Amino acid sequence: MINVLIGIAALVLVVLLALIYRVFTLVQIAKKRETGEEPRVTSSNRINALLFIIFFAVLFGSIFWYSIAAKDDYMLPEAASEHGGAIDMLFWVTTGVVFFVFFVTHCLLFFFPYLYSYKEGKKAEFLVHDNRLELAWTVVPAIVLTILVVSGWTVWSEITDPAPEDSVEIEIVGRQFGWNTRYAGPDGKIGKHNFRKIDATNGLGLDFEADAANNDDFVANELVLPKGKNVLLKIRSRDVLHSVFLPHFRLKMDAVPGQPTQFWFKPIYTTEEMRQRLAEKGDPNAADFNYHLACTEICGSAHYAMSMKVRVLSEEEYAEWEKEQKPWAELNADYLAEKGIEISNMTSLK
Amino acid sequence: MSTVDIDIKQATDDSHGGGHDEHHEHHGNFWTNYIFSYDHKVIGKQFLLTGMFWALIGVAMSVVFRLQLGFPDANLEFLRPLLGGWIDSAGKLDPNFYLALVTMHGTIMVFFVLTAGLSGTFSNYLIPLQIGARDMASGFMNMLSYWFFFLSSVVMFASLFIQTGPASGGWVIYPPLNALEQASPGSGLGMTLWLVSMALFIVSTLLGGINYIATVINLRTEGMSFTRLPLTIWAFFITAVIGLLSFPVLFSAALLLIFDRSFGTSFFLSEIYIGGEALSNVGGSAVLFQHLFWFLGHPEVYIVLLPALGITSEIVATNSRKPIFGYRAMIGSILGIAVLSFVVWAHHMFVSGMNPFLGSVFMFLTLIIAVPSAVKAFNYITTLWRGNLVFTPAMLFSIGLVSLFIVGGLTGIHLANAAIDIQLHDTYFVVAHFHLVMGASAFFGMLAGIYHWFPKMFGRMMNDKLGYVHFWLTFAGVYLIFFPMHFLGIAAFPRRYYSFTSFEPFGKFTDLNMLISVAAILTFAAQFIFIFNFFYSMFRGKIAPANPWKSNTLEWTTPRNPGHGNWPGPLPKVYRWPYDYSKPGAKDDFIPQNVPYSETKESNLPYEEELAKLEKEPKSNATKRDA
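Taken in order, these protein sequences are the chains called A and B. Residue 145 in this note's numbering sits at position 145 of the first sequence; the count goes up by one each step and never skips. Residue 614 in this note's numbering sits at position 614 of the second sequence; the count goes up by one each step and never skips.
The hints are simulated quantities; they were obtained by calculation from the structure and are not laboratory data. A couple of the hints might just be wrong.
Claimed, not checked - With the C-beta cut set under 8 angstroms, the calculated list includes, among others, these residues of chain B facing chain A:
{"hint": "1", "residue": "82"}
{"hint": "2", "residue": "83"}
{"hint": "3", "residue": "84"}
{"hint": "4", "residue": "89"}
{"hint": "5", "residue": "91"}
{"hint": "6", "residue": "92"}
{"hint": "7", "residue": "95"}
{"hint": "8", "residue": "96"}
{"hint": "9", "residue": "183"}
{"hint": "10", "residue": "271"}
{"hint": "11", "residue": "272"}
{"hint": "12", "residue": "284"}
{"hint": "13", "residue": "399"}
{"hint": "14", "residue": "420"}
{"hint": "15", "residue": "423"}
{"hint": "16", "residue": "581"}
Every value quoted in this text rests on a predicted model; they were computed, and no experiment measured them. Idealized CB from N, CA, C, for every residue including glycine.
Okay, chain A solo, but in the shape it has when bound (with noise of 0.2 angstroms):
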């Protein structure tokens, strides 16, 4: 229905035009006639000049229309992470003074054409420069960008600070298509890999020759965050580059093949939580409501499904969740057998 509507629509738009055309075309025929000679501007420049004033209102009005109705829309629920309603805050700061300059600009910009269109015998204005003029326009915006960048800095230099030393580290894998996490265990420590260590089985290549620390290691296909408690995202690619995008929470680094990375934040909501956060704000869909994470580095044919679901836990609930979890060495015993590998104090550190 819609599509034939605008259909519709551009068609009037076309006959519209082509009459608009028409008529002036004959106009200008006639005037042509009367005076004898060819003016250096015809009735289009008028209308032109008007269009800038039309467009200005169609433009803005728009604008603000959707800015406002669709505000539900488009704007995610507030910052999971401590370090997301800083970067947030600079968002609509830096919005608020980037608005306000298109609008100006623009009512200078769609007004002056409007005003100054060409008229007969008027001279334009021998303006060459002015200095006083363009050291304003020089200076007011080299402030205003400094303190936009310093507020930008300060929250950069935190979000990129050393992580703490008591945060939970979490290793996150991409490859070609989906992403892997591993849990430091028992013993709070992520053990060593080595790509050469990677096949079927071993997806993540944990290398229990060289260290012990991989025994208890527990690998999982979502990401499980406890609230409250710093988390260290220890990120690596095992193929090509991806990049570990988690929107509620304001994150974003990318996977690198032979180069680890990593980001450090701290989720201040559970999902649950989230859910009736929502649910209070009147979303409909609150209860199907689910963190999610996306892969923002183009990957190959299936980047656009390379998604995992991310759940945020209560302190309580992420320690019981942990407890259920059992080794990747202890359900795969079998490989490691085959392959030779003695794992002798996994039940220990249990």
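Add chain B to chain A, keeping to what the hints say.
Chain B in isolation, oriented as in the chain A frame:
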């Protein structure tokens, strides 16, 4: 310069002597005049037509992937005659081919349309005409420059038809995805052809760039000092310098990538397990490639943009009947942008895993570059103020460019802020930003330039009414396509996604995506108004007067259809800057650059009166120059 003069003399002699034979008119045959021509004007037109060809292909590709994004459930069976096996049995676009389309769209638009099509056309066409030279410093190199571009185009075009499809790893061709055949079908032969094509393209750009620089420095006519150069020439000149310094870095990156792909080196590859085997490469760095790529990639933005801004400066001043406001500030900002463009590249890499300290440095440097950009925007607006504006289609596109440049530039303030960029990087917010600030802006500059210089190029006028319709449809279309993308970006939609419907958090916004796609299709359709106007006017347009826009620059002092050598008599002399529009006291509202001050007593400023006195002793000047 002397060699060129001799060429011209021979040319005129030839045409007298060989007048009886049609093929020998204009000292050559069809091949030397129109195909392997040394004439900068012909070469400019060759670049223009090739650029337009690529623009149609590049934009048509975007329409195909917009169909996929706007109407994910649609049956695309009707595209089968064109795309063949890339439409699967269910009538859906192949995801690999979707990525190939995105990649090729980027490559074609950035390099083939907005670098070769824009710089190649207008630098070639306008530099000799506006500085008062017979031709480029080296006509032969100039001809080679086009034919290397042509060759590069042929290779890239051929890559569209191979079985595994063209390169599909994004126009930034990051390894390992683009280094390993196992990673994606497009990374095989398609990528090889991409690299070959780009290598040829870089050769073409360098040959052209050296020529532009040499010509501007050496072949300016008498009186054409650097402070009397039109801003177009300043822009082309600096663009060529930027290109000359940055393209070789891309070349080196491409070369190292070729080594990694074919000769087993590990510049960019390390610890990779793919296709069921662990590769032997260790010690390379994928991030290094990104540094090399963006060392060209970011200046490339200005290579694309500066010529468009230069063209706009010229058109806005001419059609406002006012001097460009702050001529020296404009030159200063071009130079500032040129220098800074080399020290901001890593703002594309805030979350690439590079040291966050570098992120801080590049954040500061990037926000500095916003200042000269802002100065340019303000200067354009002030040029309009109290002008006497004539809305030619070129003027409309120039005003449109300023608008798009501002909108796109402003969101750059978000993205240059490393902290905000964490969230926005690689989302549709970035897509909106760069399409507005460099894509659409530069495209508008190119269209403005075509409308403005068409009378000089083809001796006929384009239809201005069709131009108006073309402008308003395109302007509205561009806003409708790219403005909504900001909202998608704020909602965290990642770029280069084949589909959003299979992804719960991004499943919304089918309506907005549909709107963008419909707008894209209509805007594409509107371009055919231009294509029609362009070719129709070439043969049937109104005969152009000598100086249709009453402009000051030298190209309008040539005959309607200038031959090889541009001016039939001696080269024009330049006495003044190019922006003496609406000068108080002057008879008309423009004084061309070749009018001496001694002939404009009524409008001379006090210091110009002094210069007028000097003009009376031209001979002593000439001897001094020769000495």
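Outcome of the hint check:
no. : hint : result
1   : 82   : violated, 21 angstroms
2   : 83   : violated, 16 angstroms
3   : 84   : violated, 18 angstroms
4   : 89   : violated, 17 angstroms
5   : 91   : violated, 17 angstroms
6   : 92   : violated, 13 angstroms
7   : 95   : holds, 4 angstroms
8   : 96   : holds, 5 angstroms
9   : 183  : holds, 5 angstroms
10  : 271  : holds, 4 angstroms
11  : 272  : holds, 5 angstroms
12  : 284  : holds, 7 angstroms
13  : 399  : holds, 6 angstroms
14  : 420  : holds, 5 angstroms
15  : 423  : holds, 5 angstroms
16  : 581  : holds, 7 angstroms
Against the hints set out earlier in the document, violations occur for numbers 1, 2, 3, 4, 5, 6.
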